[in-house]
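Visitor: Listed below, chain by chain, are the residues.
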Amino acid sequence: MKIIRVNKLRKEFKSYERGEGFTEAVLSLFKRNVKISKAVNDIDFAIEKGEVVGFLGPNGAGKSTTIKILSGVMHPDGGSVNIMNYTPWIDRRKYVANIGVVFGQKSQLFWDLPPIDAFYMHKSIFSIDEKSFKTELDKLTKLLSIKEIMKKPTRQLSLGERMRCEFVMAMLHKPKIVFLDEPTIGLDIFAKEIIRKFIKKINNKEKTTFIVTSHDLEDIEHLCDRIIVINEGRIVFNDKTTKLKVNNKKYVTIKFYDKVNLTKIKKMKNFKVVKKLSDYSVRLEIDTSKMSLNEIIKVFDNGQKVEDIEISNPPISEIIKKLYRA
Amino acid sequence: MTSAIKLWIKSALIHIAFRMAYRGEYFISLVSMFVLELVGPIFTYIIYYNSPGFAGWTFYQVLLLQGIFLTVKGFSFMSFMGIVWHSNITLQRGEFDLTLIKPRNPLFMFICQSFDAEDTAKFIGGLLLSLYAILHIPAVSLSGLLIGIVAMIFGVGFFFSLALFFSSFIFRFIRSMRVYDVLEAIAMVGYYPKSIYPRFAGTLFTAILPIFIVAAIPAKAIFGEVDIDILISAVSVIVLIALGLYTWFSTIKKYSSAGG
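Protein chains in written order, with my numbering: chain L, -16 to 309; chain V, 162 to 421.
Be a bit skeptical, because a hint or two may be false.
[To be verified] Keeping only pairs whose Cα atoms sit at most 27 Å apart, straight-line, the calculated DSSO-like set for lysine-lysine is: (1) L:Lys114 / L:Lys157; (2) V:Lys167 / L:Lys(-9); (3) L:Lys159 / V:Lys414; (4) V:Lys171 / L:Lys106; (5) V:Lys167 / L:Lys134.
[Stated by the list, open to error] Simulated restraints, written as ranges between beta carbons of each label pair: (6) L:Gly43 / V:Arg184: 39 to 47 Å; (7) V:Arg184 / L:Ser261: 58 to 66 Å; (8) V:Leu289 / L:Arg1: 51 to 59 Å; (9) V:Glu345 / L:Lys305: 52 to 60 Å.
[What the hints assert, rightly or not] Counterexamples of contact, computed for chain V against chain L with all Cβ distances above 10 Å: (10) Val196; (11) Leu259; (12) Gly305; (13) Val311; (14) Ala348; (15) Ser397; (16) Val400.
I should point out that these hints are in silico values taken from the structure, not numbers from a laboratory. All figures in this text were calculated on a predicted structure; none of them were measured in a lab. Backbone N, C-alpha and C fix where the C-beta goes; we use that ideal spot for every residue, glycine too.
Please put together the full structure from these sequences, using the hints given.
Guide: Okay, here's the thing in structure tokens:
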């Protein structure tokens, strides 16, 4: 069942440009050059209930604008959005009661008060009944292990602890869709792990739909069933995460007994040097449609003495980078 | 409605708790605010007894006017005037999104978020000063008192309309916090009786920018002088609130938050 439908969504921004120096600054007081930029340019997509979708794009690509429109915060200039039969910017109050939002760089907690105060405030704002609030808070407290930390002033918590509390805030009213904007930004590996496990668990158990924007591609790889890549306001990729990985490119990491002869390798056909890892090892990119893995092993067996060969898929970040450049 | 009142009270308590996290600073702010607001009445005392005073007004009537002014201003600044300051902070940090993701009227959320615990001192001080003055004014009638209270509510309404206009202005021109000084300057007009102003200013501040509804008109009503000014100012306040609400909601519709 489709929970989000987006058609021909469009948003433009007006910005002002001026030349450099004091004279230009004074002149700009009277006349400014207006520049119109298309942040979101006629995009279409749909999301199924219970999907975890990664929304990717370089800075300024239009992903945050899209997320803001989808979360009811911003009005578009054109197109239509239907989420759970609501138009977010028109039915905002009813609609946002059904969604949760976590901004990695903006906090919903009160800096000088314990998170528990913010949770109770959230209860009043969302008019959550006492019983449901207690049950949900109990469940989330256990899942995110925040029993002790939620009574300390927020300013005394670590970033990871604060982020766990932000998730509680976003989930207390049992939203059907959750927007996560850079949810693991600045977190250490352990905190990231807790957050990722939590999202997976909620998604599996309650079929909550998650829309994740992140520059941390590990988040996307670990969490998302599908990726939507947006660049210059347009969608450049919209498919299963696995589809993004499946292509003919492979990374071959070779470790030699002797020092790597890079000049010789560079002259070989069908290989592209990705990185010289040490004096004895090198990472190459090959196209398996042009050369089989057996052939590769043969090529190197006839040349330098090979200690080890490891074949892997290129990391998702490399593929995404290519999509951005396309 | 009940849920909204409960939420407002909860927000007010949270803000007081928030200020109390730094108890020493909170106590000093409260006392400073109280002392600062006392300077006005003391200054009035000096002017009144060392100059011809204010034409047609006894000392205690002027004191009542200033007590009412502090009460209305204190209540307004404590309850909602903070939205002007809050608009600036919120927009600069790009945090208005956090207000819009709540299932509530954004203006109401803004009011809840900008409760100012320090102005409680101004409000309580104003109430005490008004009571003290009333006790020294002979023949204050119940009907006069009730009309005075209604006029004070319109005074609060006038400040509310100013808050809406100034907050909208901040939305349009972020960082224009000098407007807060303009706001304070406009408010100070209401600190003195209408009789000290030229006739044109008297009309301006009764009918167009009805600042006299904040204190001069309620004070006169309490000591028994009710005239057409109260009706003219009340109508003007209603029009200003309607325009202010229209401006505020039209402005936030055009809002685009900071940050990519």
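Visitor: Each hint should be assessed against the structure and marked as holding or not.
Guide: Hints versus structure:
Between Lys114 (chain L) and Lys157 (chain L) the CA atoms are separated by roughly 13 Å; this keeps the pair inside 27 Å, and the hint holds. Distance hint between Lys167 (chain V) and Lys(-9) (chain L) is unfulfilled; the C-alpha atoms sit about 42 Å from each other, more than 27 Å. In summary, the hint linking Lys159 (chain L) to Lys414 (chain V) is supported, as the alpha carbons are separated by about 26 Å, within the 27 Å threshold. Between Lys171 (chain V) and Lys106 (chain L) the CA atoms are separated by roughly 11 Å; this keeps the pair inside 27 Å, and the hint holds.
For a cut-off of 27 Å, the pair hint linking Lys167 (chain V) to Lys134 (chain L) stands: about 23 Å separates their Cα positions. In this structure, Gly43 (chain L) and Arg184 (chain V) meet the distance hint of 39 to 47 Å, their C-beta atoms being roughly 45 Å apart. About 60 Å separates the C-beta atoms of Arg184 (chain V) and Ser261 (chain L), a value consistent with the hinted range of 58 to 66 Å. Separated by about 55 Å at the C-beta atoms, Leu289 (chain V) and Arg1 (chain L) satisfy the suggested range of 51 to 59 Å.
Between Glu345 (chain V) and Lys305 (chain L) the beta carbons are some 58 Å apart, a value that agrees with the proposed interval 52 to 60 Å. Under the 10 Å C-beta cut-off, the non-interface status given to Val196 (chain V) relative to chain L holds; the minimum distance is some 25 Å. Residue placement check: Leu259 (chain V) does not keep its beta carbon more than 10 Å from all beta carbons of chain L (closest about 6 Å). The claim that Gly305 (chain V) lies off the interface holds: its Cβ sits roughly 39 Å from the closest Cβ of chain L, which is beyond the 10 Å cut-off.
With a least CB separation of 31 Å from chain L, Val311 (chain V) remains clear of the 10 Å interface cut-off, as annotated. Every CB of chain L is more than 10 Å from the CB of Ala348 (chain V) (nearest about 29 Å), matching its label as outside the interface. Once the 10 Å rule is applied to beta carbons, Ser397 (chain V) is consistent with being away from chain L; the minimum gap is 31 Å. With a least CB separation of 27 Å from chain L, Val400 (chain V) remains clear of the 10 Å interface cut-off, as annotated.
Checked against the numbered hints given earlier, the structure breaks hints 2, 11 and satisfies all the rest.
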